[in-house]
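**Student:** One letter stands for each residue in the lines below.
Number of protein chains: 2
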Amino acid sequence: MPTIEEIRGAARGLEERVHRTPVVTSSALNELFGADLVLKAELFQKTGSFKVRGLLTKLLRLSPAQQQRGVITVSAGNAACALAWAARSAGVPATVVMPATAVPVKVAAARADGAAVELVDGDLIAAYERIRDERGLTGVHPFDDEDVITGHGSLGLELLADRPDLGTVMVPVGGGGLISGVAAAVKQLRPEIRVIGIEPEQADVVSRSLAAGEPQKLPTARSVADGLAAPVCGTLTLPLIQQYVDEVVRVSEAALVDATRLVMSRTKLALEPAAAAPVAALLEGRVQPAGVTALVVSGGNLDVTKLTL
Amino acid sequence: MPTIEEIRGAARGLEERVHRTPVVTSSALNELFGADLVLKAELFQKTGSFKVRGLLTKLLRLSPAQQQRGVITVSAGNAACALAWAARSAGVPATVVMPATAVPVKVAAARADGAAVELVDGDLIAAYERIRDERGLTGVHPFDDEDVITGHGSLGLELLADRPDLGTVMVPVGGGGLISGVAAAVKQLRPEIRVIGIEPEQADVVSRSLAAGEPQKLPTARSVADGLAAPVCGTLTLPLIQQYVDEVVRVSEAALVDATRLVMSRTKLALEPAAAAPVAALLEGRVQPAGVTALVVSGGNLDVTKLTL
Numbered sequence: 000m001p002t003i004e005e006i007r008g009a010a011r012g013l014e015e016r017v018h019r020t021p022v023v024t025s026s027a028l029n030e031l032f033g034a035d036l037v038l039k040a041e042l043f044q045k046t047g048s049f050k051v052r053g054l055l056t057k058l059l060r061l062s063p064a065q066q067q068r069g070v071i072t073v074s075a076g077n078a079a080c081a082l083a084w085a086a087r088s089a090g091v092p093a094t095v096v097m098p099a100t101a102v103p104v105k106v107a108a109a110r111a112d113g114a115a116v117e118l119v120d121g122d123l124i125a126a127y128e129r130i131r132d133e134r135g136l137t138g139v140h141p142f143d144d145e146d147v148i149t150g151h152g153s154l155g156l157e158l159l160a161d162r163p164d165l166g167t168v169m170v171p172v173g174g175g176g177l178i179s180g181v182a183a184a185v186k187q188l189r190p191e192i193r194v195i196g197i198e199p200e201q202a203d204v205v206s207r208s209l210a211a212g213e214p215q216k217l218p219t220a221r222s223v224a225d226g227l228a229a230p231v232c233g234t235l236t237l238p239l240i241q242q243y244v245d246e247v248v249r250v251s252e253a254a255l256v257d258a259t260r261l262v263m264s265r266t267k268l269a270l271e272p273a274a275a276a277p278v279a280a281l282l283e284g285r286v287q288p289a290g291v292t293a294l295v296v297s298g299g300n301l302d303v304t305k306l307t308l
Numbered sequence: 000m001p002t003i004e005e006i007r008g009a010a011r012g013l014e015e016r017v018h019r020t021p022v023v024t025s026s027a028l029n030e031l032f033g034a035d036l037v038l039k040a041e042l043f044q045k046t047g048s049f050k051v052r053g054l055l056t057k058l059l060r061l062s063p064a065q066q067q068r069g070v071i072t073v074s075a076g077n078a079a080c081a082l083a084w085a086a087r088s089a090g091v092p093a094t095v096v097m098p099a100t101a102v103p104v105k106v107a108a109a110r111a112d113g114a115a116v117e118l119v120d121g122d123l124i125a126a127y128e129r130i131r132d133e134r135g136l137t138g139v140h141p142f143d144d145e146d147v148i149t150g151h152g153s154l155g156l157e158l159l160a161d162r163p164d165l166g167t168v169m170v171p172v173g174g175g176g177l178i179s180g181v182a183a184a185v186k187q188l189r190p191e192i193r194v195i196g197i198e199p200e201q202a203d204v205v206s207r208s209l210a211a212g213e214p215q216k217l218p219t220a221r222s223v224a225d226g227l228a229a230p231v232c233g234t235l236t237l238p239l240i241q242q243y244v245d246e247v248v249r250v251s252e253a254a255l256v257d258a259t260r261l262v263m264s265r266t267k268l269a270l271e272p273a274a275a276a277p278v279a280a281l282l283e284g285r286v287q288p289a290g291v292t293a294l295v296v297s298g299g300n301l302d303v304t305k306l307t308l
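Those sequence lines, one after another, are chains V and X.
Each residue of the first sequence is one higher than the one before, counting from 0 in numbering that gives the first Met the number 0.
Each residue of the second sequence is one higher than the one before, counting from 0 in numbering that gives the first Met the number 0.
Just chain V, same shape as in the assembly:
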């Protein structure tokens, strides 16, 4: 499991390759919540989400032979675009298995970064395994991978460096990759800082896994926060969350919608609903901000065709 030295090494590997995203404040949000909030504006990251941190870290750590043969993943969305971008950046060929129903703009984005996109109508995992084995590719899990988690930890280091006065960190939770890395970084250096995860009530696989004591699966996981709708909790992320995360809370779909509009109107950040989960938790009173409270605005891959002008 990632040590602080491993996370620091990953952060050094990412320097000059990905953005060191800014933290921003909003006096309007502070007044509204009576809090001292800082927003980690990770929506400005390459490809519009944090995912490139972990995926690029993974690709840079493959053996030269693995890098030469290439990598493969399966994803309908952000991870596909992030892996394609990271692969181009690392000079590694990438194949992405996407459902035939994937949003065309995401397919186009992955192709624009040079990935071979395999559109599959049917069993995605079967297609992924077949292509991986036929072509000798290295499979990359979008979140349940130690290198990926270690790379995500770089975001936690940046938060600590930029705001040494932090009291709380609030992180959106899908399968648990981001919060595992961030919590591992924060708690190893500053165990007194609270780390709280937020997931949709309708896609609460991490909460259920924590309650069961082992990774659970959801029959379906749909949320307006599509970036958080993971149907499975990772086998590597769960023990890290058990060890390092103080609490995981759930938020309603209505709160996610309200929070997205609220943050956009007050901060002018074009965030996606997943990234508004921490504010949704404040709106519903699920978390009491204490001290300087960092909210990780994890991504901005909003479907802008939904903006009716």
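There's no promise every hint is true.
All copies of an identical chain are treated as equivalent in the list; a pair is satisfied when it fits inside any one copy or across any two copies.
Once the Cα atoms are required to be at most 20 Å apart in a straight line, the calculated EDC-like pairs of lysine to aspartate or glutamate come out as [as the list claims (entries may be wrong)]:
1) Lys216 with Glu200
2) Lys305 with Asp257
3) Lys216 with Asp245
4) Lys305 with Asp120
5) Lys216 with Asp143
6) Lys216 with Glu15
7) Lys305 with Glu252
8) Lys305 with Glu15
9) Lys305 with Asp164
10) Lys216 with Glu14
11) Lys216 with Asp161
12) Lys216 with Asp144
13) Lys216 with Asp122
14) Lys305 with Glu157
By construction, these hints were calculated from the structure, which means they are not laboratory data.
None of these values were measured; they are calculated from a predicted model.
Given the coordinates of chain V, assemble chain X onto it according to the supplied hints.
**Tutor:** Positioned in the frame of chain V, the structure of chain X alone reads:
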């Protein structure tokens, strides 16, 4: 008309009171247009638009007696909120005449900043003049005012300081207040930099006024870029535009919509359609970028209820 020293004085008066907004770049937009673009992210300004620069400058320059009696303006939107905010900042009582049909959230924002809002069903200008005279208030024009124009010039100074390598500046145009101030600042210091205005085809009062050689009025001015739908050109702004602006081009409604979505998806800035006018001009080929090209992203007061999630 504002000298460079007057603009510098206004900028000093605004320091610590308004934001010095950042310039940001987007490799995605640069690739798309084959250009070297910098975005002046003025949507992060207080109240979400550039208007506080000019209006606060105006309020700070009133006599103590005028400040004590208070100010009044008429507006349905951004200027109402900006005047209310500036008045609170300057400690001046403010009255805002708004149409009864004004968007409730804008009425609430003006009230939240302590302005007395007079909702009028009928002749706004008549109501404005009556209240102004009855109460001895100082009328503040939202753009056709020398102090307002001078204050807006501060944005031009920031651009020159942040990007001394500028070749072109592109500015959204409504009644001409912002571009008058920006062009006066830029051209007095760096006459070789091109300054180009962009207005909607459906609200092209400045283009028509330039063609006629005197301020024109439009019977109606409606655009998806509501911030640019001024039905009149200023009597002070027109001569400044004639003197300092190289060209004013027009863009279609479709290009404004496409540009808003494009900029939001590529930069994650939650801009309003008015602020996307420079990119609309690039999309339609109305302007050829030359050298480093600054686009003024003038505001972010998007109606977020139009975001269907």
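**Student:** Name the hints, by number, that the structure is in violation of.
**Tutor:** The structure conflicts with hints 3, 4, 6, 8, 9, 10, 11 and 14, although it agrees with all the remaining ones.
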